[in-house]
Each structure stands twice: as C-alpha cells, then as structure tokens.
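Keeping the supplied structure of chain U fixed, place chains P and L upon it in accordance with the hints.
Chains as they are written, first to last, in numbering that gives the first Met the number 0: chain U, 0 to 360; chain P, 0 to 100; chain L, 0 to 161.
In short, the hints are calculated from the structure, not lab data.
Think of the CB as a built atom: it goes at the ideal place given N, C-alpha and C, for glycine as much as any other residue.
Mixed in with the good hints, there may be bad ones.
[Claimed, not checked] Residues of chain P placed beyond 12 Å of chain L at every Cβ, according to the derived structure:
#1 His-5
#2 Ile-7
#3 Leu-8
#4 Gly-30
#5 Lys-51
#6 Pro-54
#7 Asn-63
#8 Asn-76
[What the hints assert, rightly or not] Computed beta-carbon distance windows for the label pairs:
#9 L/Lys-34 x U/Asp-333: 43 to 49 Å
#10 U/Tyr-104 x P/Leu-49: 23 to 29 Å
#11 P/Asp-26 x L/Leu-128: 51 to 57 Å
#12 U/Lys-348 x L/Lys-113: 55 to 61 Å
#13 U/Lys-36 x P/Lys-51: 55 to 61 Å
#14 U/Ile-234 x P/Asp-26: 44 to 50 Å
These are the residues of each chain, in order.
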Amino acid sequence: MKSAELAVIGGGPAGLCAAVSAAKSGAKVLIIDKNKKLGGQLIKQTHMFFGSEKQYASVRGIDIPDILVNELYKYKENVEIITEAAVVGMYEDGIITVLEKEENYFKLAPEAVVVATGAYEKALSFPNNDLPGIYGAGAVQTLMNVHGVKPGNKVLMVGAGNIGLIVSYQLMQAGVEVKAILDAASKIGGYLVHASKIRRMGVPILTSHTVKEAIGKDFLEKAVICEVDERFNPIDGTERVFDVDVMCISVGLAPLNELLAMRGCEMKYIPKLSGIVPVRNENYETTVENLFAAGDAAGVEEASAAMVEGYLAGLCAAAKIGYMPKDFSDRKNDYVNQLKNLRSGPAGKHISEGIKQIIGR
Amino acid sequence: MRIEEHPILKFNKGRKITFTFNGQIMDGYEGETIAAALHANDVKVLGKSLFKHRPRGFYCAVGNCSSCLMTVDGAANVKTCVTDLEEGMTVQTQEGKGVIL
Amino acid sequence: MFEKTGIPNAEMVMEKFPSIERINQGAVAVVECYKEIPCNPCQTACKFDAIKVGEDINSIPEVCFENCTGCAVCLSKCPGLAIMIVDGSKCSDKAEVKIPYEFLPLPAEGQIVKGLNREGRHITDVKVLKVLNPKSFDRTPIVTIEVDRKFLYEIRNIKAEV
Chain U
0 MKSAELAVIG GGPAGLCAAV SAAKSGAKVL IIDKNKKLGG QLIKQTHMFF GSEKQYASVR
60 GIDIPDILVN ELYKYKENVE IITEAAVVGM YEDGIITVLE KEENYFKLAP EAVVVATGAY
120 EKALSFPNND LPGIYGAGAV QTLMNVHGVK PGNKVLMVGA GNIGLIVSYQ LMQAGVEVKA
180 ILDAASKIGG YLVHASKIRR MGVPILTSHT VKEAIGKDFL EKAVICEVDE RFNPIDGTER
240 VFDVDVMCIS VGLAPLNELL AMRGCEMKYI PKLSGIVPVR NENYETTVEN LFAAGDAAGV
300 EEASAAMVEG YLAGLCAAAK IGYMPKDFSD RKNDYVNQLK NLRSGPAGKH ISEGIKQIIG
360 R
Chain P
0 MRIEEHPILK FNKGRKITFT FNGQIMDGYE GETIAAALHA NDVKVLGKSL FKHRPRGFYC
60 AVGNCSSCLM TVDGAANVKT CVTDLEEGMT VQTQEGKGVI L
Chain L
0 MFEKTGIPNA EMVMEKFPSI ERINQGAVAV VECYKEIPCN PCQTACKFDA IKVGEDINSI
60 PEVCFENCTG CAVCLSKCPG LAIMIVDGSK CSDKAEVKIP YEFLPLPAEG QIVKGLNREG
120 RHITDVKVLK VLNPKSFDRT PIVTIEVDRK FLYEIRNIKA EV
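Looking at chain U on its own, in the form it has when it is part of the complex (with noise of 0.2 Å):
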C-alpha cells in the first residue's frame, strides 16, 4: 500500500490547479495521470485562451502546462507525480487502485481525493458511422497538433460549439480543408468570434444541418447532409453530398464520472453540466467525506473555469485534512470571485443555472 495525503486523479488543467493550491497550504500530494505528459486536453490547444491574466488569457494551451508544473515544482518537496498510471478503482472504504505502465498495480489510502478525469466526447449515430476517417474532433486534434500527422485532406466539421469552431480553424492552419461546418441546431453555439475568424477564411456554416449518412468501402468517401427543422428531423429533398475523407464529429463532451459513481458519491443528471455529475457543495466537495471533484468532472465547462474549479477543490480539500495556510480566506474568495466573472455573462448563464440545481450537500 503506497501512502499519500492529497491525491489528485487527472493532471489536465483542474488536477494541475488542485494539486498546486493544496501544495502551497502544505499538504502532500499525489498526481496520478494516465497519459505520458501532464496537461491533458491543454497539450493539444494551439489557440490563445480567454478569460483574464489570473486564467492565462492570451497564452495559448499549450504553454499552460509548463507553466503549471513550473508552479508545482516549488513545492517539489510535497509532490510526487506517476504518469502513465491509470485509476481503475475507487471503493467504498476509501482505497484507491492503480495500474501503471500496464504491468505495476498499487493501492492507495489517501486522506482526501480530487477527481479531476475530464470529459469524453459523445458520438453521433448515422448509418457508416464507423467508418475510418469519421473521427472524434479531439483525436484529430491529437493525430495534428501532437503528432504532426494531417488526417486527410478534405473535412467536413459536425458541431459549430467551441470545439467544432476552434479544431476547424487548426485543420486549415495545419493544410487541412475544411469544406462546411454543419450544427443542427439553428444557432451557432459557440463563441462567435471564432465563427467569424473561419468564416473569413471562407469556410461555409450550416446551421439546421445534420449528417444524414456517410459513404465509403474500407473509409470515408462522401458525406450526406440534409437540412433540419426545429424538432431536429430531416427534411426531405434537401440533401447534399459533400466528397470528404474526414468527418470530425464535435457534438459534445460529457463528464468521466466512473470513479465517483463506484466511490458511491450522489450523482445527479444534469443538462446544463452536460451530463451526469456528482452533487456537491460550494466547495466542490461531493457527499463522500474528503471526496472532491474539479474540472470537467464534475460539469462541462471550459478550461478557465477547470482551472479555477481546481485551485479551489485543492486549497478546500487540503483544508480538511488539516493544511489551513493563513491566507486561506483570500484565495477561496479569489476563485470564487474569478468562477463568478467568468460565469455572469450569457456565455456562462447555462452553467450557472446548472450548478444551481447540483449544488446539494
């Protein structure tokens, strides 16, 4: 049985933070990730990020890690990292297990968790869609901005949200054309300056559009579209064939929520959160003693608000096992001051009308 104070589940943007703010109040932590290098979803985002200074806005994603690490090791003394180490269980009596490196499975007793696993990306149902070349828009993010790898040459962007908008833009500055964008919905839903930057470059998007199939053997070849009214059904005679070899499907995240629900946490459904979370209270501390949640996690957002969620799940968890700094007060009411910034607008109003029915402890 390995020992650990504070451990930290995920090193993307929320389990750096966490683990950070609980070091600086002391505490020893502990940051397992399952992947090679810290970051998470940063180490693909070529984009400048938003928010204000205290969110990095302006520095693009993936300097955010370096950053973040460069924090931690100040505290280096009270912070071990294992990376390519999966969480596979978390029980009810508060053991942790994990696999690392396929071959080296530990247990864990920590004193007090933040599960900070992110999100994964929903699919889309049409008939082919298993076809290779109908990929989800992280992994072509990966295979690009990881890899250098381009993932074909002509692509058609399934979701106008953020991601949809943003990966679409890095497609075509890594030589990749991005023949439409399509949104069922009747509204762009992502930020509208980012919909403006690709439509400059002359980029059509179609809103009230759906995939109606894909086409191809052994990969993709063509893609069906077809124009939706308001309840989302497909409208007849307005189909239109795209001839592509890339479909990214960016229709959503939702949150990776396995380790909480076996931890036995209450967990609610929620839209708003974009999925099912686990209830909680202001502090991001869920109904299991010592158990929190930070990030995507616990409700999809975006990473400044993961950041921020993070330093204060760290600081509230180190705080209950014992590590209260004495500036404990002016750093929670900080983060919760930037959570309230970066939610008060009509960007974030979904959110918080979200977090208002999750919070219940």
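Here is chains P and L on its own, set in the frame of chain U:
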C-alpha cells in the same frame, strides 16, 4: 501525410525507425504512436470489426474507444493509438479477437 | 442572423469603426467583438488606456479612439483575433490595414495577395506592405496591407497563395 511546416507548432521528431505493417516495410519516428505512424503512411484501416467484419480505424485517439486494436509483435488487442512505435515492430491488422494465449 | 452565420452586417461593422476623420489622422484599432464573452486581455495589453472592458469581464470592449495610437499590441493579444488596425493618413486613395495572420505561407513584403471580405470572398487584390512576427507576438504575425479606400469597411482577411 505528415505536416512539414506549421504556423504555431514545431514537431521535434525522434529518430527515424522502420517497422512492418502486414509485411510491408514502413518508416516512422521513435516516440510516436503506432496509429499515428500508420496514418502518416496513409493507412487508415487498422482492423475489422468482430462480427460484421466492417473496416475499423481509430476514433478517439486517446485509448478509450477500442477501435484501434491491432496485433503487435504477436500480442493481440494492442491499443495502437496510445502505444509507442519501436524499431522493428511487426504490426498487423487484427481480424476478430486475435490470439491471446 | 449573426448568430446563424458568424458574419456581422454592415451596420454592426460601422459601429465599431471610428469616424473617417479619426481614421485619416492615423492608425486606430477596430475591435470587432460583438458578443459578451468572459475575456479582457485587450484591456490588459493596452498601454494607452484606449480599451475598456471594466469590472465585468463579459462586457463588450469599448475603444477610446483619442487615446488609441494604433500600436497593434491588442491585435496580437486578442484570443478571438477580432481586432484590426486601420490607417487612412498615409494616402488619399488607399488605406493601410493591419490584420493577424496565423497561416503558412506568410506573404512576403511587396507581394500582391487576394483581399477577402468577412465572408471569405475575394473582393480586391491588396499589396503586402509589412509582415511582423517578433517573439513578443507569440506566433501571431501581423500583416500590413494596402487597400483601395473604397474597400476599407469590407476588407478583413487575405489569402496568400502557395
């Protein structure tokens, strides 16, 4: 289909190495995943589905969806999207469940 | 309509431009940020107090055209690439426009390239006057183009052919 020049990113590739895919010799770089190396060589079909034998490629690219499973150096069900390429690896498309004994 | 297409109409665009008199005095920023999103690095970047977002970081930025010197620091910092700099002081029939351009190939100074409007349509050819890509811009090069004055309110992007 590798990206040679990128306006934001610099791709620091490791050593160039060779591997075989279904007997064919191919180039890749140390430190990249098997699935990425295959894709760079225009190989999109990584296997066939269990029952209907439909072509399979990768989907999530982060080790979650199991679409990219191939037989590597004789071992079945290797998640090629999160497994690093090594010099001399034999990579094969996997039909069905593969041999696990 | 804007929410459907991502393209602001002429009225919306004109509201973001200063008067033609101000444009003819010298370089000035046009901040095409039309919707409230949590974002304020333009305010943080400006050394001349020319952009204000305020306490609520969701507020749409307001430009004080008198204070603005057209230095373009905000242009390189805007995560939405929503800012352009226009300058009508150099020439009676042409205007200079600075835009962010994060693509390869970067055009060369002196090159004639396609000028695109907000729909990505080729409306005129423009001459590239300058291409700046210092480290401080963090990989957002700024391209200065010379365009016929009559396209001042339509020009928004370029396409540099391979």
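Hint check results:
The Cβ of P/His-5 sits about 7 Å from the closest Cβ of chain L, inside the 12 Å cut-off, so the non-interface label is violated. The Cβ of P/Ile-7 does not lie farther than 12 Å from every Cβ of chain L; its closest approach is about 5 Å, which violates its non-interface assignment. With a closest Cβ-Cβ approach of about 9 Å to chain L, P/Leu-8 is found to fall inside the 12 Å limit, against its non-interface label. Listed as outside the interface, P/Gly-30 is consistent with that label: its C-beta sits roughly 23 Å from the nearest C-beta of chain L, beyond the 12 Å cut-off.
Here P/Lys-51 stays apart from chain L, with its beta-carbon at least about 39 Å from theirs, past the 12 Å limit. No Cβ of chain L comes within 12 Å of the Cβ of P/Pro-54; the nearest lies about 33 Å off, and the non-interface call holds. Every beta carbon of chain L lies more than 12 Å from that of P/Asn-63, the smallest distance being close to 29 Å; the non-interface claim holds. Look at P/Asn-76: its CB is around 40 Å from the nearest CB on chain L, clear of 12 Å, so calling it non-interface holds up.
Restraint check, L/Lys-34 to U/Asp-333: a C-beta distance of roughly 27 Å breaks the suggested window 43 to 49 Å. Here the CB-CB span from U/Tyr-104 to P/Leu-49 is close to 28 Å, well matched to the stated 23 to 29 Å. Evaluation of the 51 to 57 Å hint for P/Asp-26 and L/Leu-128 yields a failure: the beta carbon distance comes to about 43 Å. The hint said 55 to 61 Å for the Cβ distance between U/Lys-348 and L/Lys-113, and at roughly 40 Å that hint is violated.
As the Cβ distance of U/Lys-36 to P/Lys-51 is approximately 37 Å, the hint placing it in 55 to 61 Å is violated. Checked against the hint of 44 to 50 Å, the C-beta distance between U/Ile-234 and P/Asp-26 comes to roughly 48 Å, which is consistent with it.
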